[in-house]
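Q: As a plain string of letters, each chain reads:
There are 2 protein chains.
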Amino acid sequence: MTAEIICVGTELLLGDILNDNARYLARELAALGIPHYYQTVVGDNRDRLKHVLDIATRRSQLLIFTGGLGPTPDDLTTETLADFFGVPLIERPEILADIAEKFARRGRQMSPSNRKQALLPQGAEILTNPIGSAPGIIWQPRPSLTLLTFPGVPSEMHRMWQEIAIPYLKTQGWGRNILVSRTLKFWGIGESVLAEKAGSLLDSTNPTVAPYANLGEVKLRVCARAASAEEAEALIAPVEQQLQEMSGHYCFGRDEDTLATAVGRLLLETGETVGVAESCTGGGLGRMLTEVPGSSHYFWGGVIAYDNRVKIGLLDVSPEDLETHGAVSHEVARQMAAGVRHRLGTSWGLSITGIAGPDGGTDAKPVGLVYIGLASPDGSVTSAEYRFGETRSRDWIRHVSACSALDLLRNALLR
Amino acid sequence: MTAEIICVGTELLLGDILNDNARYLARELAALGIPHYYQTVVGDNRDRLKHVLDIATRRSQLLIFTGGLGPTPDDLTTETLADFFGVPLIERPEILADIAEKFARRGRQMSPSNRKQALLPQGAEILTNPIGSAPGIIWQPRPSLTLLTFPGVPSEMHRMWQEIAIPYLKTQGWGRNILVSRTLKFWGIGESVLAEKAGSLLDSTNPTVAPYANLGEVKLRVCARAASAEEAEALIAPVEQQLQEMSGHYCFGRDEDTLATAVGRLLLETGETVGVAESCTGGGLGRMLTEVPGSSHYFWGGVIAYDNRVKIGLLDVSPEDLETHGAVSHEVARQMAAGVRHRLGTSWGLSITGIAGPDGGTDAKPVGLVYIGLASPDGSVTSAEYRFGETRSRDWIRHVSACSALDLLRNALLR
Chain S
682 MTAEIICVGT ELLLGDILND NARYLARELA ALGIPHYYQT VVGDNRDRLK HVLDIATRRS
742 QLLIFTGGLG PTPDDLTTET LADFFGVPLI ERPEILADIA EKFARRGRQM SPSNRKQALL
802 PQGAEILTNP IGSAPGIIWQ PRPSLTLLTF PGVPSEMHRM WQEIAIPYLK TQGWGRNILV
862 SRTLKFWGIG ESVLAEKAGS LLDSTNPTVA PYANLGEVKL RVCARAASAE EAEALIAPVE
922 QQLQEMSGHY CFGRDEDTLA TAVGRLLLET GETVGVAESC TGGGLGRMLT EVPGSSHYFW
982 GGVIAYDNRV KIGLLDVSPE DLETHGAVSH EVARQMAAGV RHRLGTSWGL SITGIAGPDG
1042 GTDAKPVGLV YIGLASPDGS VTSAEYRFGE TRSRDWIRHV SACSALDLLR NALLR
Chain V
682 MTAEIICVGT ELLLGDILND NARYLARELA ALGIPHYYQT VVGDNRDRLK HVLDIATRRS
742 QLLIFTGGLG PTPDDLTTET LADFFGVPLI ERPEILADIA EKFARRGRQM SPSNRKQALL
802 PQGAEILTNP IGSAPGIIWQ PRPSLTLLTF PGVPSEMHRM WQEIAIPYLK TQGWGRNILV
862 SRTLKFWGIG ESVLAEKAGS LLDSTNPTVA PYANLGEVKL RVCARAASAE EAEALIAPVE
922 QQLQEMSGHY CFGRDEDTLA TAVGRLLLET GETVGVAESC TGGGLGRMLT EVPGSSHYFW
982 GGVIAYDNRV KIGLLDVSPE DLETHGAVSH EVARQMAAGV RHRLGTSWGL SITGIAGPDG
1042 GTDAKPVGLV YIGLASPDGS VTSAEYRFGE TRSRDWIRHV SACSALDLLR NALLR
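Residue numbers (the working numbering), protein chains in the order written: chain S, 682 to 1096; chain V, 682 to 1096.
Chain S on its own, in the form it takes in the complex (with noise of 0.2 Å):
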């Protein structure tokens, strides 16, 4: 019993966009302990379409799609699957009556194109889109042929798997041997120097133990297969406990957490709350701590001061001191994190001013320098150095800036 993942969109064929979706349901798969391995990309072809399912059909048992259910011509994997079964396509009051209820709600109308998405397959089941317009199928064509399509926007396609498609598979009997992981997090520490710290670790094979790295973020993957989730954890647990021991203070968090998640939670156990004052990511800091729904229990908010004027105005940094040590210092760092710290009235101030590129550095202020202040609650300041080198992205100094900001204060909190 094997599944297949179908990515349908002619997007795909011509590289616009990454194939996130198979990277998903693959790992999704995994986890169910569910064999696959096949994935086929085709284009929105009603002929190609047909002859990728008289493959897949003859080799699967379970067939994955996504993309190709919207309202335009273009999208055909409904009416090609009804097709290649030889069923004819029936109309579904219930769906036409949910897509005019989604369009109703944001008062827009619901165009005669989007009543296409109510046409399925006579005998296949509503797999309901609980977001978007275009719903999916779970139908069985023929005894052991089990077809599920989702549209290719993630959000919705995230939801649909997870809240319908997976129960659904169990009750069918898929995915009995169960994979169970647990990613650990760290931050401010290399790659390599983890994986030598984690040694022979790495080589274990139930769990395994494997590295990942991105954006200054590195993971740890513990991985253990067994016939139950109770069994997997209690395979997981001393692994987990030892890399953690191991790496100490590096390590913010498992799973879901980000390091604005860690800082929130320390936050929420001292009663404490905090400000930001951006320079050069313009806004990133706060946006990261704001992901977090509750932030605002802990996080007032801040000033943008891109400008000089504003840092001047707005978080009372010396006109003085912003001509002799320029704005990129550690100097201008802290006045800005006492700045905002003393006008929110928050119990910490968090700064952030750097270059990041690609124009205004200098040799002596190269693009990827970026200072950090944090002013404390006992009314102290401080302030670091960060050179992250000058073939860095813009988009990269910015994001591992705020990263390594919401690192300063959690190291702070720990203390």
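Hints should not be assumed to be uniformly reliable.
All copies of an identical chain are treated as equivalent in the list; a pair is satisfied when it fits inside any one copy or across any two copies.
[What the hints assert, rightly or not] Quick list of in silico lysine to aspartate or glutamate cross-link-like pairs, EDC-like style, CA-CA up to 16 Å: (1) Lys900 to Glu877; (2) Lys900 to Asp755; (3) Lys900 to Asp697; (4) Lys1046 to Glu1012.
Because the hints were derived from the structure by calculation, they are not lab data.
Here the structure of chain S is known, so what remains is to put chain V in place on it, guided by the hints.
A: Then chain V, alone, in the frame of chain S:
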């Protein structure tokens, strides 16, 4: 004459990595005007790779493989190809020498397993790897069938593709027809409405016109195929103009344009400046504006007023109005916009206040309710209400709110 991409690697089936190689090659093939209709992912497995070969060799004349060229036992692309076509593997002394030299240069010993990488099918040419140890092959195992193999490491694959594969393909008559594409970008109009407006243009064949939608943004991609870039541009130009006229102000740009670059261009033209006041987006609007290098010419900064105390203290929002109308209201949005314009001294003030969820919604003010305020250079202040719907994620609502704010300013600048 069509090409096909075959990516070999169990890590792709486990979802450990994104298939960026397929996207890279897809884009390259599109740019060369070489049609390709299928992409396949298969694991490190001899029998299944042969099965994929059996299918691909029947339908395509150029097969491009990535992955499975390394020294370990699970790297079996080369030997499986030789086996499939019934051709022996021959050790190539020049490859062996090259690998040994690369190891020596890094002060390392070549391991015995690297010897395997010098074994290529009889009759295959070497596709030299200028960086790593794994060479690929260029092979015509039978008339009208060309195979290219590349290592899975993106940096190696890219250089081998650019430096060797492209020139080779051109000598073989591939890529004589060029594909040029233009993407028009829209905000404030639905995909289905835009598709209906485009009407019969969606059925044209050269150039083709196809709609895409993601995160509130809608795109129309115009693709022309011709013998030269100039001819392709000439095919695109009238269609592009027609689409732009038909869609009016909904079209904010093309190709690499974003709403932030569109707003920036208009502000540079008028010599005006903007400041932002953000509640639910927490800095996301400022971050979006400052993604554009050089945005300091028109973006001065702003206030992240997540907590009402910051709305009152730094934006002069009236405590009474906050009490009477609530923070998420036309009144507060307008006062935030006027407040930031006044405090910063910018030409424009742009504000966002809303309920991003998942909690905090009520019947009267559900999740997804957002107000955007705009204070203009003439002192007038307007606001707009958006209802994005309660089913949208926090991330979606925050992202689309920031885009909607930029679009409101863009439309005001156009008037």
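Q: Next, verify each hint and record whether it holds.
A: Okay, the hints, checked on the actual structure:
Taking the closest pair of Cα atoms, Lys900 and Glu877 come within 16 Å of each other only inside a single copy of the chain (14 Å); across copies the shortest separation is 47 Å, beyond that limit. Taking CA atoms no more than 16 Å apart as the test, Lys900 paired with Asp755 passes between copies only; the shortest distance there is 14 Å, against 40 Å inside one copy. In this homomeric assembly, Lys900 and Asp697 come within 16 Å of each other (Cα to Cα) only across copies, at 12 Å, whereas the closest approach inside a single copy is 28 Å. Only within a single protomer do Lys1046 and Glu1012 lie at most 16 Å apart by alpha-carbon distance; the minimum there is 14 Å, versus 44 Å between protomers.
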